[in-house]
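K.L.:
Please put together the full structure from these sequences, using the hints given.
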Amino acid sequence: NAGVMQNPRHLVRRRGQEARLRCSPMKGHSHVYWYRQLPEEGLKFMVYLQKENIIDESGMPKERFSAEFPKEGPSILRIQQVVRGDSAAYFCASSPRDANEKLFFGSGTQLSVL
Amino acid sequence: KQEVTQIPAALSVPEGENLVLNCSFTDSAIYNLQWFRQDPGKGLTSLLLIQSSQREQTSGRLNASLDKSSGRSTLYIAASQPGDSATYLCAFKDSGSRLTFGEGTQLTVNP
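The listed protein sequences derive, respectively, from chains E and P. Just so you know, we're using my numbering here: the first sequence kicks off at 13 and counts up by one. Just so you know, we're using my numbering here: the second sequence kicks off at 2 and counts up by one.
Heads up, a few of these hints could be off.
[As the list claims (entries may be wrong)] Subject to a maximum C-alpha distance of 20 Å in a straight line, what follows is the list of computed SDA-like cross-link-like pairs (lysine to any residue):
hint, chain 1, residue 1, chain 2, residue 2
1, E, 56, P, 27
2, P, 43, E, 107
3, E, 56, E, 97
[As the list claims (entries may be wrong)] Covered by chain E, according to a simulated footprint, are these stretches of chain P (three or more residues, beta-carbon under 8 Å):
hint, segment
4, 31-44
5, 98-110
Source of the hints: derived by calculation from the structure; they are not laboratory data. Note that the structure is a prediction, hence the values are computed from the model and not measured. Backbone N, C-alpha and C fix where the C-beta goes; we use that ideal spot for every residue, glycine too.
P.N.:
In structure tokens form, the structure reads like this:
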């Protein structure tokens with residue numbers, strides 16, 4: 013039973029480009045969470061999704077960021093027109109039923125914006 | 002706004018020592034609290050989860066306690082080993098969907 017899979021592990025983008033980060037939850041998990049870890053800061057919640065639904069996006073920046081978790085395929089975190097301040101580690105987590113259970117985290121995607 | 006504080010920020014101990022990591026939170030409306038381990042370049046590994054109705058949880062050499070009235074949790078590591086070297090994070094959860102993380106304690110266990 014594979015864990016939470018994130019790809020790519022490292023992503024380099026120039027300012028103004030788009031970044032797409034992918035997350036496949038653990039088998040049997042239908043709840044996905046995205047967290048961001050900025051340099052020298054703790055992890056901060058971004059968004060919570062179930063299949064085809066955004067449940068809580070209160071941690072998402074108002075512009076340029078979007079997330080989806082389609083019926084088929086991985087969850088995608090999309091950042092449009094990246095800026096240097098978007099450079100961070102982006103972690104995905106999943107749980108079987110809801111946010112009250114133990115979360116299982118992926119290894120993260122390190123985004124570097126040049 | 003919930004704040005989670007971890008003390009100390011860094012800790013270096015010799016192998017075999019017992020140690021305690023501290024986590025404090027400002028919001029008493031806790032649902033559960035989790036302790037994670039983060040290794041460089043890797044994701045987070047959940048170590049222990051304590052529900053608000055519980056006072057402690059144990060797994061092997063690890064023991065986590067929760068005191069809601071004082072807003073504190075501790076992670077006790079017995080007989081530390083070099084393989085325990087990592088950053089330890091505590092995360093508070095209220096009735097919503099998000100975890101609020103502390104900034105972690107970076108532990109180094111020297112052989």
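K.L.:
Hint by hint, note whether the structure agrees.
P.N.:
Hints, verified against the model:
The straight-line distance between the Cα atoms of residue 56 of chain E and residue 27 of chain P is roughly 17 Å, inside the 20 Å bound, and the hint therefore holds. Taken as a hint, the residue 43 of chain P and residue 107 of chain E pair is honoured in the structure, with Cα atoms around 19 Å apart against an allowance of 20 Å. Among the hinted pairs, residue 56 of chain E with residue 97 of chain E is consistent with the structure: their alpha-carbon atoms are about 15 Å apart, no more than 20 Å. Counting residues of the segment 31-44 of chain P whose beta carbon lies closer than 8 Å to any beta carbon of chain E gives 7, which meets the minimum of three for the stated coverage.
Coverage of the segment 98-110 of chain P by chain E holds [criterion: at least 3 residues with CB-CB distance below 8 Å; count 8].
When each numbered hint is compared with the structure, no violation occurs for any of them.
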